[in-house]
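Chains H and Y supply the protein sequences, listed in that same order.
Counting along the first sequence from 1, when you hit position 275 you're at 275 in the working numbering, and nothing is skipped either side.
Counting along the second sequence from 1, when you hit position 25 you're at 25 in the working numbering, and nothing is skipped either side.
Don't read these hints as lab results, they were simulated from the structure.
Careful: at least some of the hints might be erroneous.
Same chains, same names: a pair is fine if it fits in one copy or spans any two.
Straight line, CA to CA, 25 Å or less: simulated SDA-like cross-link-like pairs of lysine to any residue [stated by the list, open to error]:
(1) K109 with P94
(2) K286 with V257
(3) K355 with M406
(4) K245 with K355
(5) K355 with S326
Protein chains: 2
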Amino acid sequence: MLMKEVVMEQAKLAKQAALKMAGLTTEQKNSALFAMADALEKRKDEIIKINAEDVQAAQEKGTRQNMIDRLILNEKRIADMAEGLRQTALLPDPIGHEDFEIVRPNGLKIRRVRVPFGVVGIIYEARPNVTVDAAALCLKSSNACVLRGGSEAIRTNKKLTDILIDAEISCGIPEHAIEFLKITDRDAVIAMCRLRKLIDVIIPRGGAGLIARVVEHSTVPVIETGTGVCHIYVDKAANLEMALKVVLSAKISRPSVCNSMETLLIHKYIANEFLPDIAKLMIENKVELRGDELCREILPNMKAATEEDWRTEYNDLILSVKIVDSVEAAIDHINRYNTLHSDAIITNDKAAAEKFQTLVDAACVYVNASTRFTDGFEFGFGAEIGISTQKLHARGPMGLEALTTMKYLIEGNGQVR
Amino acid sequence: MLMKEVVMEQAKLAKQAALKMAGLTTEQKNSALFAMADALEKRKDEIIKINAEDVQAAQEKGTRQNMIDRLILNEKRIADMAEGLRQTALLPDPIGHEDFEIVRPNGLKIRRVRVPFGVVGIIYEARPNVTVDAAALCLKSSNACVLRGGSEAIRTNKKLTDILIDAEISCGIPEHAIEFLKITDRDAVIAMCRLRKLIDVIIPRGGAGLIARVVEHSTVPVIETGTGVCHIYVDKAANLEMALKVVLSAKISRPSVCNSMETLLIHKYIANEFLPDIAKLMIENKVELRGDELCREILPNMKAATEEDWRTEYNDLILSVKIVDSVEAAIDHINRYNTLHSDAIITNDKAAAEKFQTLVDAACVYVNASTRFTDGFEFGFGAEIGISTQKLHARGPMGLEALTTMKYLIEGNGQVR
């Protein structure tokens, strides 16, 4: 069979499973999740053994050490994955919730209820824990899934899905609820993205290149996740002590993640006081600063920021800094350069805060807090599929509900139109 | 300028307007809608005069009479459009509604509120009333819009948007809230679909060809509307008198629309009684019947249905008919051939009804009523953008809420992570 046909065949099997899964009860799903957790722990030696082969192959290919670190599974990491499965079982079931009901003058009773998507396609990169995580969240939301992991983890992912599928089927979950693509060819991603009507939604989880490729080629609806050029604006009415603490933490607490700050905006009235203080702290913490002209008037040694800097997600200990005239100018800058992810204002001026929250176009707009809180767990969702940076369907941190759609159920007694 | 650049330029202007529109009040929007209605009525002679040019050009091109009928504007139709604007003003404002609030253990207060998309792209065909309708719904939901109408109505649409824009601006709505593409070139549609980050969502309203072209080329998220291969299944436990009434009406009341029935499924236990009765009624009403083998055993004169018939949206006085063994067989047939639009069961068996509603994958699943009710007005939404047949974001009849997204507003007092 051609690669394309193999992918389509697997998606068809997942679709058939999905149509049955709409009838699963919460108890069936939860007992399967517990069984999957037990199976991972029971078969940990198999997993560790096969994972060593992936690690060795990666080392032979000269893969970077931090990538290899992400790839390695040990007892602790397997226990964490099992714990994740059990935590997912404990979350409320997103399916069946009724959020709208109306009885029309003609007597028709219309209800709207949460139902699964059907088949969710997830395309991701190296970390094998995403395999377990994605399978768990899709099952809990009564979706079948087609999983496509990175080639580095292919042996580990195959083993993990084999174990999960065995455990699931033994609990009465339909066969093919999890379909793992064994094809590591990059074109398999494109093939998946064209399976409109078989796959209901595709969620790419990975770098900007992967996401752009999926968006470009997909006819299946996509939920875009990820990129974050996040801003903090320190207003003239800011508590500067608080601003120092929040701004520093938003840059250095974990610079590699999407919710960390990339650009700092400072109101001109406080720049002479605030900029030298924050610059000192940043430099002590090994952060490279790149400023606009006005910054460099205050701190002439600062490197000059280019147009490119304003649009860059550094994911690193680098910060671009700009001095602005007003909250309006800060909003304009942010709406020009942000990625619709997370932006913050530090201010004690309620009117400025409200204007900022109303006019900044982003999934999450903060007042007096770090952008680093944009996260499904921090928001209390108990899970995170990713952070949506598009506006359709889901925006910001996505919990289980983002893996559902709705359906209208209408009851009558012979009404015609 | 190249055509692509013109389209991009207009989208950029709309984007700038959109960023300001997030701050509009309900009163501002409603007074603009009333002013737009008044302006259409006041300038009706201008509209009728220019519309006659479109009609004449269409006649000279040999356009079909039913297309020309849709194109014509007269006093009555202009009054209807104005009334539509006023009705939109009276609808509840979908913006600002808060549907989620939580205070986290660290003191962060997280709220989720409804906000506009930003720029909505609407691509539609001949009817000029869609221009007014789309502009009204986008304004009421605080969105800017880029409108692309069919070439037959180009002069009328230009005039209508000129009038609407004048009225809107006089009420303080930002300039460029409505951008109408004056380019009738088909490639303008493709150019629009590639403007990711400038246009937030594209809604095609029109035939299957238009929708397929948009889905194929768009990198902007699309809400697919339209196609309906709707089924009614008459169960063995049906009230057959009710079934005759509902089935007949669902086929003949308005065969050209997407929510009319295209395929009838009949349980084998009642087929001998029900099929001859419904066939007689259908034939009396000029409906052509196409049946499977079992139907033709009962009524040998019936034309044979082909595989193609099961997937066809006739939009005409044609009906395919199939006899099935069980509710499960009916569900399987529907899940294979439907377009996720609307399907119905006629039964007095509660268990069969529940199974049907749970397992049929469609936006609207009916018990004992006609599929013809799938409509924003019939559902009590007061408006209809279209009927979504995809699962992302909106499903089924879309009211004003479907033109909104949400945003998280987070307030803290210096929290860091």
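Quick rundown of the hints versus the structure:
no.: 1; hint: K109 with P94; result: both (23 Å within a copy, 23 Å between copies)
no.: 2; hint: K286 with V257; result: within (17 Å within a copy, 65 Å between copies)
no.: 3; hint: K355 with M406; result: between (34 Å within a copy, 17 Å between copies)
no.: 4; hint: K245 with K355; result: within (23 Å within a copy, 57 Å between copies)
no.: 5; hint: K355 with S326; result: within (12 Å within a copy, 60 Å between copies)
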